[in-house]
Amino acid sequence: MLTDYKKAYLILADGTVFEGKSFGAEGSVIGEIVFTTAMVGYQETLTDPSYCGQIVTQTFPLIGNYGVNSEDYESGGSVVSGYIVREYCEEPSNFRCEDNIDSFLKKYGIIGLYDIDTRRLTRIIRESGVMNGMITNDPGFDKDKCLEKIRAYTVGNVVPKVSVKTAEEYKAESAKYRVALIDYGYKHNIRRELLKRGCDVKVFPHDVRPDEIKEYRPDGIMLSNGPGDPADNIISIATLRALIPEQIPTFGICLGHQLLALANGAKTVKMKYGHRGGNQPVTDLELDRTFITSQNHGYAVVADSIPEAAGKLSHINANDKTCEGVRYTNAPAFTVQFHPEACGGPHDTAYLFDEFIELMEKERSGK
Amino acid sequence: MPLRSDIKKVLVIGSGPIVIGQAAEFDYAGAQACRALKQEGLEVVLVNSNPATIMTDKHMADHIYIEPLTLDCVKRIIKIEKPDSILSTLGGQTGLTLSMQLAESGFLAENNVKLLGAVPETIHKAEDRQAFKDTMEAIGEPVIPSKVVETLEDALDFADNIIGYPVIVRPAFTLGGTGGGIANDRDELHEIATNGLRLSPIHQILVEKCISGWKEIEFEVIRDAKGNVITVCSMENFDPVGVHTGDSIVVAPAVTLADKEYQMLRTAALNIIQALKVEGGCNCQFALNPTTFEYAVIEVNPRVSRSSALASKATGYPIAKVATRIAIGYSLDEIVNQVTGKTYACFEPALDYIVVKFPKWPFDKFVYAKKTLGTQMKATGEIMAIGTSFEAAMMKAVRSIELGLDTMTKPDFEKLTDAEVGQKLYDIDTDRSFCVFEALKRGIDVNTIHDITKIDKWFICKLKNLVDLEKWLADGKLTQEKYDTAKKYCYLDKSIEKISCQLIDECGIKRRHAVYKMVDTCAAEFAAETPYFYSTYDDENEAEEFIKEHSTGRKKVIVFGSGPIRIGQGIEFDYCSVHCVWALKEMGYETVICNNNPETVSTDFDTGDRLYFDPLTFEDVDSLIATEKPDGVVVQFGGQTAIKLTKHLQDIGAHILGTSAESIDAAEDRELFDELLEKCGIPRPKGHTVFTTEEALASANQLGYPVLLRPSYVLGGQNMIIAHCDSDVTEYMQIITSHKLENPVLIDKYLMGTEVEVDAICDGTDFLIPGIMEHIERAGVHSGDSISVYPAQTLTDRVKRVIVAYTERLAKALNVIGLVNIQYVVYNNEVYVIEVNPRSSRTVPYISKVTGVQMVDIATKIMMGHSLKEQGLPTGLYPVGDYVAVKVPVFSFEKLHDVDTQLGPEMKSTGECLGIAHSFEAALFKGLIAAGFKMYDKGGVLFSVRNQDKPEIIEIASRFEQLGFDIYATSGTASTLIRNMIATNFTYRVSEKQEPNIMSLLESGDINYVISTSETGRSPARDSVKMRRKAVERSIACLTSVDTAEALVKCIEMKKSIDDVEMVDITKI
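Protein chains in written order, with my numbering: chain A, 1 to 367; chain B, 1 to 1069.
Treat the hints as calculated values from the structure; they're not laboratory data.
Fair warning: there could be bad hints in the mix.
Only pairs whose alpha carbons sit at most 30 Å apart, straight line, appear in this in silico DSSO-like list of lysine-lysine [what the hints assert, rightly or not]: (1) K510(B) - K370(B); (2) K21(A) - K342(B); (3) K342(B) - K321(A); (4) K457(B) - K7(A); (5) K6(A) - K477(B); (6) K1026(B) - K106(A); (7) K6(A) - K464(B); (8) K272(A) - K321(A); (9) K7(A) - K488(B); (10) K457(B) - K272(A); (11) K107(A) - K260(B); (12) K171(A) - K260(B).
Partial list, derived from the structure: chain A residues whose beta carbon lies under 8 Å from chain B [stated by the list, open to error]: (13) L12; (14) N65; (15) D117.
We put the CB at the ideal spot given by N, CA and C, even for glycine.
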């Protein structure tokens, strides 16, 4: 590692250039640069489909300490555009470790950059907001040409890229409920949490039609997390709008939360640099309790845009007071911006899955 | 929830004297607590027997009692002050135990006092072994198979028949694991269990399955009354389970856990604090099987602790302050995070660096003691280092700990053969990390080292990175790339030169200064205002930006702190540093602190205007000066650690405030000092400077025995002895020369007179002596280990006048600007100077508190150009007040096996407490009680003294006899006593192996006090040392000076209880 490395560069849309070293795949890639403050769970981060189209920076400087393994995937692979760390661990140590992070990135063709001052990069993003950038191995890059391309880049509508193409079914042991999970790029632990609680899970593609859902006769609908600008998902929003009158218990997470809000007429907004990490405090307004949550989002539902007839704010971020959850009154539905399924991050809000089960039980016995 | 309306007046219980396992961290926690309470407008009553603390400062609380931390005393103070609440969780184990005893006895209920922080049920569930096990089982948290027993038979039965060996013994309610240990077989269990049962105040021990080799992980968690819970920090021990966490290198955050294990333990920690219903901070320690998800809860402390102080400094999250606010009613989501000003206390800090904590052990002083580490803590202090990599933090740590090292290479390991290094890996001792490093250098592979040590491969691989780097540096020409890489790992320039055997400047290399990054609790996610920095070798200098943005135009001063707490340099120097900062702030200066001790108030980021958490070496200081460009620097309050920087700072052009480098040198250099004394016409005991054993012997015989030997440049009497014969001199010189000391050895005629100590303040023209202190023990016992009395009780007016005159002459001759500490010996009515230290001293805090002369504040003002006259202060000897104060040293002998308890010129105490009263006798009585002496009115006293002490012991023995004590003595002493008509029971010495033997006598419980002196000691093999160790193990007070024994008998003769003496609120002095 001391002498055997190739140089790599990070070019930011504002013209700043960082010189570092290359790991993972080689080449050039453009993406939206975001940072996560999580200190553990990098494998979950790398396999979280919500990061599609983004170059992920870890603020914690030592990454890869415990390697990677085949159990901690949150999706089939990794779709991040690029990966930036201060230092990666060549010789990880953990009983489940199967490989190091360098090989992992190579396996999925992800271009990585290490040995830069990630705190300096984070401070730039914090001050200027999320910014596009390019990682390249080419020392002779033409900065102006690169900047042109960097500035032209948008993440775009990437949900189709990460969603399943056809429905998949998962059976729970002694199932009590059937849950339709609409996949906008779901993290597998959402499925695991449901299966664990006795739910058969059928994963539907993001563009599923309402009657396909109805045909499955689910006890509940789970709206998953996913990448990109929620407003780009016109078909998904229309589907959700059509499902509201069906009064099926619904639980939404992250992008799912934003899409149901949009379907109900609320607005979403792009945040300056979003919330990404495992330490965000969220206050449950009904319980008057604050929980530490796992988060990964760059857009938020505008709190006062939720139509009164549709529902009300149920959770807020204790730091910046942004909307973190909605409880609907026009349907048996609740959604949260954060990730109760954790992985990575704290499991303190896993109780929301129990609430979802209770909601399904209540609706079923009510009928 | 806002402040509870039923709280108006709160009693805060401090943690008492510094002992191993309970150190400065509780002054930090207690000071934060007092300030938080006062900010809420509450009336604060404080009790703490430790006068060297900042928390016992007049403006920290409304009523301050420096009184013994005994149940009776605290009850009396409650009766006097009538607080409505007690904060139980900020005063360490001492505070928690006292609170619980007060509650359980019904006293609190009778007096309408509420317990805040942790209620008795919480304390019981966490501290009582069986209740803890039951609680954990009820919430499904696994514990290690174990059994609580109250007899030795049950302990042996459980180990023999149920869990098998090895087993760990943990006594209930003891500090830092006192009395615990790992037993590998039945015999060892017999010994450890017997000891543990006795040391536990409730005679209870836990015998548990030994899980050595598992990872040890800690979580610091906080809960409020609403049930909101957060984890502040995770920590991972370098050493696997088996080494006390206080003795292990610790990193934060935990590094080898994947999210699955991390969240599993985090959730467990939160479940535990919920089940215990703690309102405040709590520390949870786990053992994690490195090859499965199996884990076990090792220990839970429902209070702030050493780990919480470390976690606070490691993250920037002020645990004690938040815990205090929670205790008085606030919830986590109401308390603003001071660091960001934007977020709330209800969040979990995100780190973008790694922290390494390294313990400071006292074994450089206790050469004969075992350096082995186990479940009983032995470190007296610690340092913390922050880096962007483990390697960088480790390099900073190793030079912060003041072992004379600047890399992981330990010179004496270099001399070992490969086989010896391989063998040494099996030793679990204080040198283990250095041994691993040496093994890697010898090419022993990572797996082999891991198999032997069970240290996680992650740590070993990181150390290997350092080995590889050093090999690369040593291989061929030093290049800029090599240099830059080494700097990134925080190597010093001088280390790079040493390793590469090349000079940086000759290689055409551009040298680099460090730049600084901010500790902001949030990994830069939010803009923060924390003035808390650490060095790295990146390009961006956040400190420089910060200084620019916050430019005040005020003059700027850097105060250098005192590093890790060790014997001889303790919390008192932190007191002085902090006071200096406060005084400077008050005068309108911008103040900057640089220190590396995570336990202290000085490293609280809001003590000064900026805090730099970094090592205190020349090069580290260079970078700081380059960034801060201070108008002046202060070194005289940071003990020897800061003093050592003086000349260098002056050389690089920093303006030393106060006494100059030349004056400091003149006091420490033997020849210069002798010249100075001659010029002033002040006598000192005759002496010489020697280099070899032959010179030493010649000199000793010329001076005549006894003589005092010590290396020049000493700290806390390190390596100092009194030699009575040639063989003592030879033995000593062998030890010294084996340490390859470059400085010469000083040999002085030893005058066995009264030792007197003076702290003075001087402005170059005038001087002020707040008080003259007299030691109860004659010269020969280190001043830090002597009982010290203010004002002096036995000196004649003439002697006092001479002392004042000498002090003036010396202070002026040395051109002292600020503080000076002078030690005198009065022998045959003549005054001799022993030592002059032109800096702050151990006694400054207590003298300041007792006399009301705020020495550090005054000295600081003098350094900034305000003379004593300008400050409106008197000069000369300050008038004596109404109170007598007696400072009594406290030792940690029960934690340090094989250390001889006989006091001598080498300092051994870890802390001190104070007794204050109108009369000397009452003050002495309180001081001794505070130090843990019990006043028995009958029982047995064992005498075994050296020949020279025999005449003096007669009177003391006779007084004990008259009080109704049975007298026991070994042969020589017994015949002296019997000849003098004192009825004495004869006992055999240890080696005489006959009954009645001294060891069985000590075991019998018939002995209450031991008075033991011997010609020479130190070696654990000697009879007298074995006997004194036995006394320590049996918790029998053992006095090793006739003078201390006289003081004790005087107190017993008073036939008083603590109820008969006044309680003094020092704010009213």
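Hints, one by one, checked against the model:
1. Of the pairs offered as hints, the one joining K510(B) and K370(B) is violated, with about 46 Å between alpha carbons and a cut-off of 30 Å exceeded.
2. Only pairs whose Cα atoms come within 30 Å are accepted, and K21(A) paired with K342(B) is rejected, the gap being roughly 35 Å.
3. For the given pair, K342(B) sits about 11 Å from K321(A) by alpha-carbon distance, which is consistent with the 30 Å threshold.
4. A threshold of 30 Å between alpha carbons decides the hint, and for K457(B) with K7(A) the separation of about 28 Å falls inside it, so the pair holds.
5. The straight-line distance between the Cα atoms of K6(A) and K477(B) is roughly 22 Å, inside the 30 Å bound, and the hint therefore holds.
6. Our distance criterion of 30 Å between C-alpha atoms is broken by K1026(B) and K106(A), whose separation comes to about 65 Å.
7. Distance hint between K6(A) and K464(B) is fulfilled; the C-alpha atoms sit about 22 Å from each other, no more than 30 Å.
8. At most 30 Å may separate the alpha-carbon atoms for a hinted pair to count; K272(A) and K321(A) meet this at roughly 14 Å.
9. Annotation: proposed proximity of K7(A) to K488(B) holds, straight-line Cα distance about 17 Å (limit 30 Å).
10. Of the pairs offered as hints, the one joining K457(B) and K272(A) is violated, with about 41 Å between alpha carbons and a cut-off of 30 Å exceeded.
11. Between the alpha carbons of K107(A) and K260(B) the distance comes to roughly 23 Å, so the proposed pair stays at or under 30 Å and holds.
12. Under the criterion of a C-alpha separation no larger than 30 Å, the hint pairing K171(A) with K260(B) is consistent with the structure, at around 24 Å.
13. Among the interface hints, the one on L12(A) is violated; its C-beta lies about 14 Å from the nearest C-beta in chain B, farther than the 8 Å criterion.
14. For the restraint placing N65(A) at the interface with chain B, the shortest Cβ-Cβ distance is roughly 5 Å, inside the 8 Å limit, so the hint holds.
15. The interface hint given for D117(A) is met, as the beta carbon of that residue sits about 4 Å from the closest beta carbon of chain B, less than 8 Å.
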